[in-house]
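Chain order of the listed sequences is A and B.
Per the working numbering, numbering through the first sequence is continuous, rising by one, with the last residue being 279.
Per the working numbering, numbering through the second sequence is continuous, rising by one, with the last residue being 279.
It is possible that some hints are incorrect.
Because identical chains share one entry, a pair is satisfied inside a single copy or across any pair of copies.
[Unchecked claim] In the DMTMM-like style, the derived pairs of lysine to aspartate or glutamate whose C-alpha atoms are separated by at most 20 Å in a straight line are:
no.	residue 1	residue 2
1	Lys243	Asp18
2	Lys148	Glu252
3	Lys92	Glu269
4	Lys153	Glu187
5	Lys185	Glu151
6	Lys148	Asp18
7	Lys23	Glu187
8	Lys243	Asp255
9	Lys241	Glu252
10	Lys32	Asp255
11	Lys185	Glu96
12	Lys148	Glu269
13	Lys148	Asp95
14	Lys126	Asp255
Simulated from the structure, these hints should not be mistaken for laboratory data.
Number of protein chains: 2
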Amino acid sequence: MINKENFENYLSSIIQQDYIVEKSMNYSLLAKSKRLRPLLLLNLLKDFNVDETIGYPFGSSLEMVHTYSLIHDDLPAFDNDDYRRGKLTNHKAFDEQTAILAGDALLTYSFENLANSFYSDSLKVKLIKLLANYSGKDGMIKGQSLDKEFEGKQVSIDDLLQMDNLKTGKLITVALIGACYIANKEEYLNLFEQVGKKLGIAFQIQDDILDVTADVKQLGKSTSDKDNNKSTYVSLLSLNKAKDLVTTLLTEINDLLSDEKNHFDNTKELIAKLANRTW
Amino acid sequence: MINKENFENYLSSIIQQDYIVEKSMNYSLLAKSKRLRPLLLLNLLKDFNVDETIGYPFGSSLEMVHTYSLIHDDLPAFDNDDYRRGKLTNHKAFDEQTAILAGDALLTYSFENLANSFYSDSLKVKLIKLLANYSGKDGMIKGQSLDKEFEGKQVSIDDLLQMDNLKTGKLITVALIGACYIANKEEYLNLFEQVGKKLGIAFQIQDDILDVTADVKQLGKSTSDKDNNKSTYVSLLSLNKAKDLVTTLLTEINDLLSDEKNHFDNTKELIAKLANRTW
């Protein structure tokens, strides 16, 4: 299984520190993180027998989009969180204006970084379409909008599933679909759409479970859902049923990946590791 | 000279109104506007003997980036403005969270829109690099950061020129450079870098002049610079000297455009019209 050390070094070399917005971008981008999305991409590339460093430009653009979404989501107008990735949120360490600009700059640079990469023009265009579509108004942003709409309301499990598929699942799916494009394995697009959706939901339920079983220090971020009066899988299902649902989803993912000629050993190992995460 | 009616119709057909973020995107994107950047693009294309409708996808992406920057710049954490483009600012008409998401979504969709256009992959990549680089951390966003840094400080004319070249000049230059790429007239890149820079500054000085000579109703936006304790060309130079500087810059632009075999008649006519604007 590919681990994240070399990718971390690559990521830390991309953005200079010449002025405050660049410092603010790196403050959040380089904070301690699981790097779930880049690691899914790199491990799936390895399973496709592609040198994983080919995935670095797309992996870093994907992590920039994820990081911008965290910075904006932590703002006072959103969840108003104080801690993220083990340290003060961006707007607390800098200020609101700088945090908004750093998010905007990370989003913009994610596309510039891809456009400047060594990929062919045709692959660049495919990856830009994918990243923009899944993170934009029809994907992640729609999920963030639903999150706000649901705040303080009685919502159903189906509502939560729809929201989390957009808010979390879409960007996880980008990692897997992106690997299919980069490895030129488009026959797997449909399979990894399904895997990404299930994994995104499993990951979000785990977050809800950790919100009630772990503490801020362990998680490295504020646990604001209860304060913000948000429904969670735990509040709707009970803790044990939420845990069961995670197990079911991970088994389904394993089954999906086992039907294929390709054994996807690295991807499976990464997902198994995620199943036992405590942060 | 190309006017904006057909482009307005095109622009209004791009984004659906299926949920609140899309409504908020269109609220600001389709508000009354000079459409300066798209019009520069379309008129320069006409001067290059290219059907101007070829410029619509890039012109709309450019207008989306400009609009996102206005939405975020009006937020309470920035200029805290109440009026823009003749109506309430986005966060006043909706709320802060929706305004931040609508800005993020316009920025993201500007790249998706370009990636989905009829341009060749090679042209798409060139235009995405241009748009991202000139609007991002090394361009417009750097100008917005300087704007904040200069607030309440005694700054020099050179400081203002540097800031406005980044904050306003860069995106105006994108329109002109983009036309050179689309028309495959890259021998003019250097000329239009110079024109864009001068035009951006002239436009910004005009804004400062209108801030003290026009009223909110005429401008369609709040005149917050004095309230926010910002230095302007008028406060540093006097009203008459600021007016003289606009005239000098526009003459220099005309001279630059007159040295060439191509007469750039449509572009010159548009710029002459801008010289006498009252809003």
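Ascending list of hint numbers which this structure does not respect: 1, 2, 3, 4, 5, 7, 10, 11, 12, 14
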